[in-house]
Amino acid sequence: MSLLTELSVLVGSAFAAVGVDASLGSVVVSQRPDLAQFQCNGAMAGAKQLGKPPRDLADEVAKRVESDPRIRAVEVAGPGFLNIHVTDELLAQWMTSTAGDEHLGLYQSNDPMMVIVDYGGPNVAKDLHVGHLRPHVIGESLKRVYRAAGHDAKGDIHLGDFGLPMGQLIAAIAESHPDLPYFDEAATGPFPKESPVTVEDLQVLYPEASGRSKAEPEFQAKAQQATVELQAGRAGYVALWEHFRSVTLESLRAIYARLGVNFDLWLGEASTGDRLEPLVELLQERGVAVESEGAIVIHVTTDEDKKALPPLMLRNSRGGSTYATTDLATIQERVEEFHARAIVYIVDLRQSLHFEQVFRAARLGGIADDSVQLIHAGNGTVNGPDGKPFKTRDGGLPRLSGLLDETVALARTRLDENELALELPDDERDEVIRLVGMAALKYGELSNHRTTNYSFDIERFTQLQGKTGPYLQYVAVRAQSILNRAAEQGLEPGTFLPPSNDKERTLILSLLAWPEVVERTLETLSPNVIAEYTYELATAFNQFYDACHIMREADAAVQASWLGLVSVSRLVLVRALDLLTIEVPDRM
RNA sequence: GCCUUCGUAGCUCAGCUGGAUAGAGCAUCGGACUUCUAAUCCGACGGUCACAGGUUCGAAUCCUGUCGAAGGCGCCA
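For the first sequence, my numbering assigns the number 1 to the initial residue and increments by one for each residue that follows.
What the hints contain is simulated information worked out from the structure, not anything from laboratory work. Misleading hints may appear alongside valid ones.
With a Cα cut of at most 27 Å, we get these calculated DSS-like pairs of lysine-lysine [unchecked claim]: (1) Lys126 <-> Lys154; (2) Lys467 <-> Lys391; (3) Lys126 <-> Lys391; (4) Lys52 <-> Lys63; (5) Lys63 <-> Lys48; (6) Lys126 <-> Lys52; (7) Lys48 <-> Lys126; (8) Lys126 <-> Lys388; (9) Lys214 <-> Lys52; (10) Lys388 <-> Lys467; (11) Lys222 <-> Lys193; (12) Lys214 <-> Lys126; (13) Lys467 <-> Lys503.
It should be emphasised that the depicted structure is a prediction, and the values quoted were computed from it without experimental measurement.
Full structure from sequences and hints, please.
Here you go:
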């Protein structure tokens, strides 16, 4: 329950009483704060149903609503807007219940779902680059939002550890180090525990091998052969592949620790290996998968399509699986083993067609029925500050780890320049700088809508003022600082009094809007809704802070109520930032 | 060629699924510190929402077309 729901119920019953649908009574935060706190636009639509002028209907509803003791005033404006003001007492009541609620008013789903959030998808042997930032941060955020709404969400890294690239690596190493035991066809193991290659080696090897594969048909054939044998379970190849996987994961874990990204499942494409054959057979039995031009495909076009979609390639003409196959098998795995009721993919929008094919195939083949939501929550691309695709001077993509270093270094420069946090011990200050850097980066990322192609401008993101991560951390820390100071004087947050000025009212209204913010984030699957909100809340708090000098307040009851406001403001802000994967230091 | 997404202030972006006078940040100009952390707050300037039609009480939002941008289009992932 939230204040908005309570009001919607009230206004809805008034609509029902005059003979139209109660759902017309949906109350939203006013778009004109100068005119009202809340508004309802239902009269315009309802008037059509009743065949009477909207203002007449609005007047009737207003009359019923304004007699309610919780309502201070209702006005009808324009074509039939209901402008609603609630009593200050109601606001105080809601602050009391919000402060006493461990979820701070957030709806907890009464039908919790198992949600698998698939984000990241880094590839074995490839370093993370700037482009990986988006899905990782958005995915981690959405996973937390699902949890905050009472769902059981798991993040799956879905490692790219399958297919031709693996064969290319094996073929390359077979050429450069033919004496290694992994290449003895008869060998069954055990093989050395130590990896023959480091992750750095792989990062050099992979682009080479991939390039050669395109240019040299002979090498390509070897790579394809190795891929097939690896998938068939040749012991030496499997052992070598496991090394690729483990050295890659080790380096990934380090960077995820810095980023604050946590996966619950460390599965990959290859973990579906045992499912591929039976899946293809099953889909053939069901008549969904058919032979075409030497391959096995699933036709996914429907009559409603303007243009035929390419069929999903289940097995290519060489007998190999594609990533469509593994993605389909992964859906099966998630449904059967994890009982997923929603699978959310945070993957580049450019893969839209692929997911459309896979989702349709999953429905057609009965892999996931309609009780399982399949969602491609695609993300846009990252551009450089010039608005063009992000590239380094040599044309490559900047490495993510380097980018993190750069960001933290810039955060340090900012703090140094402004002579901030100088009183902190060195190690604490270092940690603050790290958190400030990460906040800058993540807020810069998440304040954009998920689908936009945004300009990555670290100079702008690390600004300490304006709509940035560091600003939001600062506000939360400032709130904490007041609470600390109050506690030193033995002052505690107390009973919420009805607000006595507009800054206070605005702050309370902002705090009480939090449940709908999370709700809407879940509807749009875009964390920028929360990012936008944190800035609004922070601004409302700062205005309150500016207008109401808490420590200097003479009236002890008012002071205690204000301290309560500070406390809840800080809690909501910190919670909201946590959903954006942003951490707030104790002081800064 | 076909399909998809996008085009909002000088710059970077929001815009709560069709509502009132389209909002922020940055930049520019001006104001507020004997401070509960000024990393703040207040004000000013800045828009034919790419363009043209249409749908209706009402359109940045929905439909059609034009121009422009990015991306995708069976055996890579």
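Structure versus earlier hints - violations, ascending order: 6, 7 and 9
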